[in-house]
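Build out the structure end to end from the sequences listed, making use of the hints.
Protein chains: 2
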Amino acid sequence: MSDALNLRIPGPTPVPADILEAVAHPMVNHRGREFAALISRVAERLKDWFQTSNDVLILSASGTGGLESAVVSTLSPGDKVLSVSIGAFGERFAAIADTYGGDVIPLQYEWGQAARAEDVRQALGEHPDVKAVLVTHNETSTGVTNPLEEIARVVRSQDPGARSQEPSRGSGRTDGGRSEPTPLLLVDAVSSLGAIPFEADGWGLDVVVTGSQKGWMVPPGLAFVSMSERAWQAYEQAKMPRFYLDLGRHRDALPKGQTPWTPAMSIFFGLDAALERMAEEGAERIFTRHASMGRMVREGVKALGLELLCQDERFASDTVTAIKCPEGIEVSALRNAMEDDYNVVLAGGQGKLQGKIFRIGHLGLVEEEDIRETMAALEQTLAKLGWTAGVRS
Amino acid sequence: MSDALNLRIPGPTPVPADILEAVAHPMVNHRGREFAALISRVAERLKDWFQTSNDVLILSASGTGGLESAVVSTLSPGDKVLSVSIGAFGERFAAIADTYGGDVIPLQYEWGQAARAEDVRQALGEHPDVKAVLVTHNETSTGVTNPLEEIARVVRSQDPGARSQEPSRGSGRTDGGRSEPTPLLLVDAVSSLGAIPFEADGWGLDVVVTGSQKGWMVPPGLAFVSMSERAWQAYEQAKMPRFYLDLGRHRDALPKGQTPWTPAMSIFFGLDAALERMAEEGAERIFTRHASMGRMVREGVKALGLELLCQDERFASDTVTAIKCPEGIEVSALRNAMEDDYNVVLAGGQGKLQGKIFRIGHLGLVEEEDIRETMAALEQTLAKLGWTAGVRS
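Chain order of the listed sequences is A and B.
If you're matching positions, the first sequence starts at 173 in the numbering used here and goes up one per residue.
If you're matching positions, the second sequence starts at 173 in the numbering used here and goes up one per residue.
Don't read these hints as lab results, they were simulated from the structure.
Keep in mind that a hint or two might mislead.
In this list, chains with the same sequence are indistinguishable; a pair is considered to hold if it fits within one copy or across any two.
Derived lysine-lysine pairs resembling DSBU-like cross-links, with alpha carbons at most 35 Å apart [unchecked claim]:
hint, residue 1, residue 2
1, Lys524, Lys411
2, Lys411, Lys252
3, Lys524, Lys474
And the structure:
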């Protein structure tokens with residue numbers, strides 16, 4: 173086993189040595205020419221990863237701050253918000269909207285399941301005045317990837333009168349037919365973007381949020397957010413209070429290569445190096461690598477006789493896998509032994525899954541060797557803890 | 173002249189090589205044992221610098237995010253707020269309160285002047301229902317340090333009936349006598365704390381905010397905030413919406429050595445090294461060094477025949493000096509020439525002082541040699557730009 177830490181949590185992900193070196197760049201003037209060029213360069217490069225022609229704004233905040241910026245920059249208190257939630261981060265997105273006075277309609281799934289586009293269609297039919305839909309692309313707490321493109325198609329089709337399944341269609345506005353504009357689609361892409369295929373414009377996403385410490389192989393501290401033209405129109409009407417996380421202020425500063433507030437410069441330096449590295453590998457190879465790592469983890473886990481939380485392979489996440497902790501084994505004992513004996517760091521469960529699952533992160537800097545090492549350590553640790561595959565079945 | 177950048181802006185300040193090395197620390201589990209120990213250690217050490225027995229909370233945000241956290245964690249929409257403003261950052265603090273629905277009473281001074289405690293007393297007399305007073309300790313945009321201890325004494329003395337100067341004192345509540353609790357005192361200590369004497373508890377300050385990229389010699393990305401017991405009582409009643417910048421969530425996570433959201437870990441690693449370095453130098457020597465650097469800059473500038481924006485030496489800042497740009501010289505030309513020819517980076521003016529002043533930062537990592545180099549470069553640059561001392565007087 174290697175002496176180096178095998179950090180297999182779903183973020184912060186391991187940062188390569190050359191990117192760490194970039195992070196240690198000496199300070200310069202954050203409003204000077206050199207740093208303005210850097211901000212412009214990384215913002216431009218991020219557009220390729222978002223697959224958007226819109227600006228990508230960079231906030232000095234974690235992913236949660238990015239999610240809050242999406243809500244407060246597009247909505248007003250009292251706005252009806254459909255929250256599609258399949259885990260802890262879906263709940264967090266909803267809690268933010270609720271905190272700022274949004275009227276949250278919950279569409280909740282058992283943790284471990286993916287959302288179904290058909291349910292979203294039905295919920296929007298029942299609530300024709302929904303102003304925005306909140307969706308998590310990849311739910312870090314459960315290892316499930318939502319069918320985002322399909323969900324987006326349903327949300328996009330919610331034009332006035334477009335709900336063709338409704339028998340009362342065409343009978344006028346009093347039937348609850350959609351007289352409001354198409355809902356905005358706000359997407360938490362924190363643990364998906366940069367690691368698995370993603371198309372902000374092609375899928376018709378309005379606000380997309382991600383964070384530096386996931387697929388990007390950069391330390392935590394920055395959130396990246398894109399806004400569609402429709403989202404900017406909503407911004408003009410949005411009345412939720414906002415200051416530090418105001419996306420309009422970030423948009424206005426970007427053409428000068430600036431941020432409205434002093435940015436977390438070290439992370440920007442790292443991001444610059446990371447985007448260069450990612451460009452060298454190329455999107456296709458990065459996506460293929462993540463798909464392959466995801467499969468390798470799931471097959472490895474099943475081969476050990478363990479059970480995945482997400483039992484539908486179609487929605488299994490290629491960036492993080494949640495595994496049911498076998499009966500008789502404590503998650504904390506398993507994680508401590510993995511770290512103490514093998515230098516492999518796993519994540520536990522969040523919220524109601526605490527103590528019930530453990531998670532393996534496989535996004536960003538991850539190669540077959542890391543997964544092989546993880547699986548070998550897991551097998552030996554389980555054996556040491558007295559668990560034998562299949563005993564409980 | 174040295175080849176290294178002489179970064180003489182009032183933040184980000186230069187980061188010593190050993191601290192940059194710490195910033196490049198590889199990622200670990202942000203909820204693991206090692207990082208929990210680090211968070212607990214730096215939070216404890218910060219208390220010494222704040223001179224407080226209260227927790228110091230660490231937010232992954234810039235100083236502006238810290239200021240917002242202070243406002244939204246203690247106030248409700250409609251609360252009357254006295255804004256004591258002597259420059260751009262005082263205005264920003266007020267703008268945050270206004271954005272969240274605070275009823276802001278402005279007490280504004282000409283930029284370059286300090287606030288007077290007597291004016292604060294009078295304003296509080298006129299507005300006995302003021303819930304909070306916002307004060308900037310050191311105004312980075314003008315190079316002025318407010319008499320914070322005096323102002324705090326005035327605010328603290330605003331108990332019911334304590335306004336002894338009022339002739340109508342004792343004639344009952346209808347005279348406008350203070351029936352409300354003593355106002356909270358919210359302090360922007362972004363460019364003062366860690367560099368000049370400061371006593372959160374001793375002076376009776378309720379919320380104190382500072383940022384990593386100033387006196388601490390750490391890259392930008394973290395804000396540090398302390399809350400008094402009275403501030404925590406206000407927190408329980410405060411109705412401004414808050415999520416990412418919610419200080420209560422930070423307070424609840426701290427005993428576990430955690431932050432509510434994924435922290436900007438690299439900056440924490442840097443902070444840990446910086447606090448060790450600062451402890452070695454010691455508070456007294458650090459304060460003396462800043463006082464001496466401040467004097468050296470002011471004397472040097474005056475010796476060149478230039479005029480300080482702050483003409484009252486009692487309130488001249490020991491962390492940043494604002495200098496009136498001589499007539500006939502463009503600030504941008506001066507700054508560009510200083511950087512291109514001498515590697516000395518100065519700051520320009522902000523807001524209404526843009527194009528009228530330039531600023532020299534002298535906080536954090538700063539020694540006599542840096543100031544000597546700056547002054548020599550300034551003298552030569554002014555000469556090249558055709559300015560001769562005293563010509564315009």
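Do the hints match the structure? See the list:
{"no.": "1", "hint": "Lys524 - Lys411", "result": "both (33 Å within a copy, 28 Å between copies)"}
{"no.": "2", "hint": "Lys411 - Lys252", "result": "both (14 Å within a copy, 21 Å between copies)"}
{"no.": "3", "hint": "Lys524 - Lys474", "result": "within (23 Å within a copy, 66 Å between copies)"}
Violated hints: none; the structure is consistent with every hint.
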